[in-house]
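**Student:** Here are the chains, one letter per residue:
2 protein chains.
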Amino acid sequence: MMPRMKASRRRCRPIGGGITAAKGFCAGGVAAGIKKSGLPDVAVVYSRNACTAAGTFTTNRVRAACVDYNSRLLPSRSVRAICCNSGNANACTGARGLRDAHATAACAGRLLNTPPSSVLVASTGVIGEFLPMRKLCDGVGRCVGSLSTSGGPSFARAIMTTDTRPKEYAIRARLSGGGVVIGGCAKGAGMICPTMATMLCFVTTDASVGSATLARLLKRVVGWTFNNLTIDGDMSTNDMVLLLANGASGVTVGSRRDVERFEEALFDVCNRLCAKIAEDGEGATKRIEVNVTGGRTYDDCKAAAKAIATSNLVKTALFGNDPNWGRILCAIGYSGAQFSERKMTVSLCGVPVCKRLRPAPFNKSTMRTALARKIVVIEVDLGLGGRTCAVAHTCDFTYDYVKINAEYHT
Amino acid sequence: MMPRMKASRRRCRPIGGGITAAKGFCAGGVAAGIKKSGLPDVAVVYSRNACTAAGTFTTNRVRAACVDYNSRLLPSRSVRAICCNSGNANACTGARGLRDAHATAACAGRLLNTPPSSVLVASTGVIGEFLPMRKLCDGVGRCVGSLSTSGGPSFARAIMTTDTRPKEYAIRARLSGGGVVIGGCAKGAGMICPTMATMLCFVTTDASVGSATLARLLKRVVGWTFNNLTIDGDMSTNDMVLLLANGASGVTVGSRRDVERFEEALFDVCNRLCAKIAEDGEGATKRIEVNVTGGRTYDDCKAAAKAIATSNLVKTALFGNDPNWGRILCAIGYSGAQFSERKMTVSLCGVPVCKRLRPAPFNKSTMRTALARKIVVIEVDLGLGGRTCAVAHTCDFTYDYVKINAEYHT
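The listed protein sequences correspond, in order, to chains A and B.
Count the first sequence with the numbering used here and you get residues 1 to 410, in order.
Count the second sequence with the numbering used here and you get residues 1 to 410, in order.
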């Protein structure tokens with residue numbers, strides 16, 4: 001499967017919940033005092049069976065300890081839990097940071113009666129400070145005591161930093177052997193940018209999937225979703241997407257057709273979580289979805305979509321409800337994507353605003369009303385006939401983004 | 001020559017003036033009604049002798065007509081004038097736009113009694129509208145009538161768009177055959193970004209330089225200066241740097257040593273004009289200069305410097321006078337530059353804030369006072385011992401940038 005403009009008939013439907021929607025997963029979140037605000041900051045998700053697991057990580061050379069720790073363990077066939085803290089990124093903390101990551105896994109493993117190597121860890125928050133290990137281990141203890149199959153929302157809240165709301169999504173997909181659930185949650189509102197697995201996202205499924213297949217599918221899907229997400233063009237030191245499959249549904253992802261269906265379902269979950277992150281971007285007043293079709297290749301569509309989604313000028317214009325298609329064209333121009341000067345079209349909120357690099361007439365006042373809504377869709381047809389579609393997610397760029405990031409003091 | 005941290009003894013000194021500082025150039029600027037504001041919008045610079053000329057242009061695939069027009073003529077040995085308008089970019093205007101560029105050159109050529117092919121043209125302003133040719137030609141006529149050797153400041157003002165002040169710089173350099181002058185002016189405050197010749201910059205010299213040498217030197221120097229300048233990461237459709245050498249000083253740039261001195265002088269002029277553009281970046285309260293040394297190669301230094309200068313998070317932090325070195329490190333991490341984890345240091349305003357990817361102790365209140373000044377210098381030593389230095393120019397990222405670009409309606 002490659003992303004298409006019009007998805008073929010949906011084989012999966014949204015259900016409530018997030019990381020505990022799939023069978024056999026329980027989770028919880030508690031406040032351990034790592035955040036000065038006193039808000040929840042320690043989260044654990046646990047599977048009753050051993051999981052196959054895969055992860056994708058930031059490509060930043062300045063990597064947090066948890067990224068180093070997890071990337072050595074994955075892909076794996078024996079993961080049982082993820083232990084995550086917010087309020088402290090455990091990044092730029094050197095050898096002590098790595099020891100702290102190991103100690104966190106050991107602490108959770110002891111409490112869950114599972115080897116440390118079956119526990120993944122994640123951290124997010126301030127860079128350059130050491131983890132308060134006593135507070136963290138106390139928190140992990142209480143969190144393990146609170147684990148429940150209805151604990152997904154607590155988990156999703158405890159991983160938040162500048163997020164204003166938790167981000168969860170789950171679907172049921174029908175495979176040849178029966179139904180499976182894929183659910184997940186994500187956090188992230190700033191320092192979000194292309195070319196890596198963005199911020200923290202945890203996805204669980206009760207399907208049974210081999211670890212190699214899981215790693216391959218996750219990599220492809222992250223390339224179509226999280227790697228096309230940007231809030232501010234800044235790639236974090238801690239970004240990761242972790243995917244755990246515990247097989248508790250009894251349904252195996254075996255045939256080629258099942259793999260495709262599972263991939264499609266995973267794409268759906270990741271794509272929706274990206275949209276939720278974009279919607280909650282720092283200072284955002286609206287979500288922006290950029291759909292680019294008609295490129296020579298998927299990569300051309302992706303390059304154009306990401307350039308538009310990253311452009312500060314496009315994003316400030318949309319904050320001002322301004323149909324400034326010149327800035328969209330300008331971003332396509334420097335993206336490196338091939339396009340047909342004669343056939344390229346740009347539409348805003350479903351209305352063509354530019355054809356053949358020239359203005360297309362449209363009603364300005366109707367357009368302004370459309371641009372003032374909560375979701376703005378930019379559609380570009382590069383005019384070269386390709387059938388894939390790249391979707392990039394972002395949000396507008398506002399006074400509040402500047403305020404949040406000028407006032408977030410170290 | 002490659003840029004170094006400490007320039008060897010200066011062989012050139014700043015003098016007043018800009019584009020008419022070199023012998024044999026006269027210029028002017030007038031209001032022709034292209035801008036709704038009624039401010040000056042047509043500018044002409046003219047040389048009494050034929051000039052060798054070189055240019056570097058935007059690499060945006062969506063290119064303005066003037067970029068196409070000039071890039072076909074350059075390098076050249078017979079340029080006499082540049083005719084520039086502001087208020088209208090003549091971009092996304094198709095075949096008619098290119099005809100208008102030719103007509104502008106023809107109009108100026110007729111009035112200056114020189115072939116159209118000896119006139120370069122430049123436009124800057126709104127994208128997607130046709131040039132008002134009658135107003136423009138009337139303006140060119142009045143401008144040619146006002147040409148004077150003291151007309152540099154009028155020229156510099158007439159090319160402004162969202163700039164708040166003109167940007168001029170000139171120096172006298174000593175070569176083996178005598179003194180020569182290099183002077184120039186630039187405009188640009190938004191839609192300014194790496195990987196091309198940024199915005200409009202016009203440089204003149206009375207040295208005698210072959211057109212091939214001129215083109216080679218300009219390309220190298222632009223790579224060290226304008227291509228390291230960013231306001232908002234958005235590459236314009238119209239960017240260009242034009243360099244005219246009329247030989248009126250009687251001094252020829254001949255020997256290898258002279259070429260090096262001339263290059264050093266040209267670097268100085270371009271570097272200062274970059275600093276002036278950064279200082280006047282849209283909404284800026286301060287200029288930010290990023291010096292990166294100690295890389296394996298110049299390109300590594302440049303990649304790190306540009307990543308820091310482009311980071312919205314670094315730039316909002318500096319707006320808030322926050323010594324947030326974690327964001328600087330994060331940008332170096334995703335820049336792709338090689339660095340030594342053991343030896344890298346980051347300094348802010350001359351004070352080390354991070355060594356070996358770990359916090360270095362510093363006085364926070366003194367630092368906040370230093371960061372509140374008009375110029376903030378970020379110094380990074382990548383710790384790999386190389387001797388070149390990349391300088392990137394930018395400014396802080398403020399509420400007013402958002403305001404200007406959300407309210408600049410099409």
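It should be emphasised that the hints constitute simulated quantities derived from the structure, not laboratory data.
Just so you know, not all the hints are guaranteed correct.
Note that the list lumps identical chains together, so a pair holds whenever it fits in one copy or between two copies.
[As the list claims (entries may be wrong)] Taking lysine-lysine pairs in the DSS-like style, the calculated list, with each CA pair at most 25 Å apart, reads:
id	residue 1	residue 2
1	Lys286	Lys374
2	Lys364	Lys403
3	Lys403	Lys286
4	Lys286	Lys35
5	Lys364	Lys36
6	Lys374	Lys403
7	Lys135	Lys343
8	Lys135	Lys36
9	Lys355	Lys23
10	Lys355	Lys403
11	Lys35	Lys343
12	Lys36	Lys286
13	Lys364	Lys35
14	Lys23	Lys219
15	Lys343	Lys403
16	Lys403	Lys219
17	Lys23	Lys374
18	Lys135	Lys403
19	Lys374	Lys36
20	Lys355	Lys343
21	Lys343	Lys219
22	Lys343	Lys374
23	Lys219	Lys286
24	Lys403	Lys35
25	Lys135	Lys23
All values reported here derive from a predicted model rather than from experimental measurement.
**Student:** Are any of the numbered hints broken by this structure? If so, which, sorted upward?
**Tutor:** 4, 7, 9, 10, 11, 12, 15, 16, 17, 18, 19, 21, 22, 23 and 25
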